[in-house]
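Engineer: Residues per chain are reported as follows:
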Amino acid sequence: MNKIHQGKTFRERAREALKDDFMRQAVRKAVDTLETRKEEATDALGNWDQWREQGKRIREHAVENLDYYLSQLAANVRNNGGTVYFAPEAKDARQIILEIIKKHGGKHIVKSKSMVTEEIHLNKALIKEGLDVVETDLAEYILQLADEPPSHIVVPSIHKSRDQIAELFSNVAREKIPNDTPSLTAFSRKVLREKFLQADIGITGCNFAIADTGAISLVTNEGNARLTNSLPKVHIAVMGMERLVPSFADLEVLLTLLPRSATGQKLTSYISITNGPKKPEDLDGPDYFYLVILDNGRSRILADTEFRQSLHCIRCGACFNVCPVYRQVGGHSYGSVYGGPIGSVISAFLTNDMERYGGLAYASTLCAACSTVCAVKIPLHDLLLKLRHRYVTHKYTPAAERTVFKLWRTTFQNPKTYRLAIKMAQKAQSPLVNNGYIIKGPPPLSAWTNSRYFPKAAEKTFREQWQQQHH
Amino acid sequence: MEQLGIPEQDFINTVARALGRSEPLKHAPQRDIVGPPDFWQEDEEIRKHSLELFKKNLEGLSGRVVIAQSAAEVQQQVKTWLTELEAKNVICWDHGDLKELLQPETLGVNVQLWNDGHSSKELIDVAARADVGITWINFGIAYTGSMAVLSGARTGRSVSLLPPTHIGICKRSQIVPTMTSVIKHLVDLRGQGHLPATINFITGPSRTSDIEMDLSIGVHGPYRTWVIVLDEQ
Ligand code: SF4
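Chains as they are written, first to last, in numbering that gives the first Met the number 0: chain A, 0 to 470; chain B, 0 to 232.
Derived by calculation from the structure, the hints in this document are not laboratory data.
It cannot be assumed that every hint is accurate.
A few chain B residues facing chain A, derived, Cβ under 8 Å [stated by the list, open to error]:
{"no.": "1", "residue": "Trp80"}
{"no.": "2", "residue": "Pro103"}
{"no.": "3", "residue": "His184"}
{"no.": "4", "residue": "Gly220"}
{"no.": "5", "residue": "Arg223"}
No farther apart than 25 Å at their CA atoms in a straight line, the calculated lysine to aspartate or glutamate pairs in the DMTMM-like style are these [unchecked claim]:
{"no.": "6", "chain 1": "B", "residue 1": "Lys120", "chain 2": "A", "residue 2": "Asp131"}
{"no.": "7", "chain 1": "B", "residue 1": "Lys183", "chain 2": "A", "residue 2": "Glu34"}
{"no.": "8", "chain 1": "A", "residue 1": "Lys189", "chain 2": "B", "residue 2": "Glu72"}
{"no.": "9", "chain 1": "A", "residue 1": "Lys232", "chain 2": "B", "residue 2": "Glu121"}
{"no.": "10", "chain 1": "B", "residue 1": "Lys183", "chain 2": "A", "residue 2": "Glu251"}
{"no.": "11", "chain 1": "B", "residue 1": "Lys55", "chain 2": "B", "residue 2": "Asp31"}
{"no.": "12", "chain 1": "B", "residue 1": "Lys55", "chain 2": "A", "residue 2": "Asp131"}
{"no.": "13", "chain 1": "A", "residue 1": "Lys376", "chain 2": "A", "residue 2": "Asp131"}
{"no.": "14", "chain 1": "A", "residue 1": "Lys194", "chain 2": "B", "residue 2": "Glu121"}
Note that CB positions come from ideal geometry on N, CA and C, so glycine has one too.
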């Protein structure tokens, strides 16, 4: 667990995040830009809703028949000369990857941005073995230097300012690197190019695998995934088991949806479709290709017919950009590798830790903006509501809250106790009232009044007013 | 290596059970929906204006597109660009059509062709130091301003990737309306067992917005993606 994730609850982390003005402003600016560009790009395409519908059906079909397509994928990867491993859990994936690296005598590893390797905390494991690992996506490189996790799945370092980045780079360079964008980019190009030329192992994620071909696709704007699968002699790709499409034609649909939803681009600068190791006669490209297919809680989601559809996600980030909660608190507050609305839905299942992550169901206003933008029409707000239900039935809501609701129920079931309670409220509130609002309630009311005003109870109840006016 | 992870069958069985099946599905499932939506026919309008669209879209991404009327014009344009860039070293695909059109030995700079006359390491070193990489473009995609390049023994991936400038050259007939045409071609190649090890779609220069959402060009790949299309009348 990274230092950023150590706060105890979402509420506590969010409270900290709300004090970080730079972060909040940066996040808002970033998501506004992404969201505006997305709208332009999706309007320009026309029939956006039909594309989404098509994307949804393709994802649904792939997930509903995952057993068949996974076998087909594995067989085709082997036909192409690659090797496939199956990892039930994060620790298995780490072990597999370490063994592959050892077998090839690998020392220098370049990585291209991948959420799934974040999920299995791969870097830490590799570094512990004394390996030289470098993240090559600019944002991930910045985060690696800062020792922080990503805070957005498309633009992971939006919470860092250019001054902070210049400071991190200056530490590496042992001289002052100016804080303008061209200088910072040029510096990272120079450092990372050296790393690429030196690397013996390249590790990537996998945006989508193509089952009937045994190929994987990698999508980046910087070109670091291309370098990762062109220069090192060994390419290891790690994929969450659900991230496949049946055929090439299906890939076109997801490649139309993903960049438009993510950044408003028609296509990402680079899309590589990689079909195993290099051909024997090729002069660049990896000699060895390994695909590591990871479950790590996904079969738990698959088995749950209500939540299965969350596996349709294509990680475009659009739901982050419109979420009023994400916009206020940023990605680290979620305390999970996957933040934003989709992260709130899947984290408890992936980790099998309803107690710790189930509460993320409350990191939502249920405004449904996420469901409205989702590239593959996952009803995210609906799933968040269902998750709240699960969380409550698991009795993970705070004890105080449960007591209040219990009291509420007994009181309100009986007209006599109800009337008595209202009378008491009218009397008890007087020292707390200011301008018609309760501004400083005692616990548990303080959870509300610390950040909002609570309207005071009316002088006369509705029943009393009704009786006065009608009799 | 001894068993790492778990056997495929155990993994697939778990997935099948999660899907509520007693054993994994053995036959390809029925599908009524495959690929792009029905209305996504290759539009006659896009087809008619493919070249203009390709140019407009790539230029919109800070690329350059020049339409040449003859092989001589192609060569002249490349020379003009090399002079503008003060380029001294060029790495170039050893590709039949490209060589015929370009006559690389006449460019007046050091040109290294990508072929097995050199070791893989030497070629990568040359590409990493080259000022310009020149490739053939297997397909230009009008709708997005993309190029598709297919890897091979004489068509290395590094050529369009390592140098700061990438010049792509093709004939007008290779400009297709949308990605759909390219995908069809790839499916055919796969059918014949000739799918290359990697297919790259390149849409403009390497870019990033990772520093305060400020667009920056050329973080890993080329800063410049320039294209010449031969359109013989
Ligand atoms: S849930 Fe939908 S909107 Fe959110 S990242 Fe996944 S695909 Fe994109």
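Engineer: Which earlier hints can't be squared with this structure?
Structural biologist: 1, 2, 3, 5, 7, 8, 11, 12, 13
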